[in-house]
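Student: Start from the sequences and build out the full structure, keeping to the hints where you can.
At position 85 of the sequence shown the residue is numbered 85 (UniProt numbering), and the sequence of numbers has no breaks.
Bear in mind the hints are in silico, worked out from the structure with no lab data behind them. Hints are not guaranteed to be accurate.
[Said to hold, decoys possible] Pairwise CB distance ranges, derived in the manner of DEER restraints:
1) HIS27 to GLY130: 37 to 45 Å
2) PRO67 to TRP28: 27 to 35 Å
3) TYR57 to TRP100: 46 to 54 Å
4) TRP28 to VAL114: 20 to 28 Å
5) TYR95 to VAL71: 30 to 38 Å
All residues carry an ideal CB built from backbone N, CA and C; glycine is no exception.
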Amino acid sequence: MSAYPKEYRNPLKKARGLGSAQHGVSHWWVQRVTAIALVGLGIWLVTLVLRMLHADYATARALVARPWNAVLLIAFVVTAFWHAVLGLQVVIEDYVHTRWKEATLLMAIKFIAVLATLAGVLAVLRIALGA
1 MSAYPKEYRN
11 PLKKARGLGS
21 AQHGVSHWWV
31 QRVTAIALVG
41 LGIWLVTLVL
51 RMLHADYATA
61 RALVARPWNA
71 VLLIAFVVTA
81 FWHAVLGLQV
91 VIEDYVHTRW
101 KEATLLMAIK
111 FIAVLATLAG
121 VLAVLRIALG
131 A
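Tutor: Here you go:
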């Protein structure tokens, strides 16, 4: 039997084995980096849309089909959905307290985001490759 009661254990001793404290930092950084990328890509997208404002369908399609515009549009779609998943993950982890509901919502959000990302990328590629 130990000389000290269990209540007097160091808080660090109680916390050991409860997971890494490093996981949230990478999530935080990726969320900030995608936000910064979305600022630049969003400004580019607004200028692209303004350039297409009074254009006909063929001109708008040709503008999107340009290689840099297609690449940046794909980057915008991927970054936007990645950032959305990261943000919704934080909200769900903070406010949903039933474990099975949390897991179900996280899987559903990731599944929907992957489908939407693939649909967006496919749409841009079809325009860019002339299909």
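Student: Could you check the structure against the hints above and give me the numbers of any it violates, in ascending order?
Tutor: Of the numbered hints, all hold.
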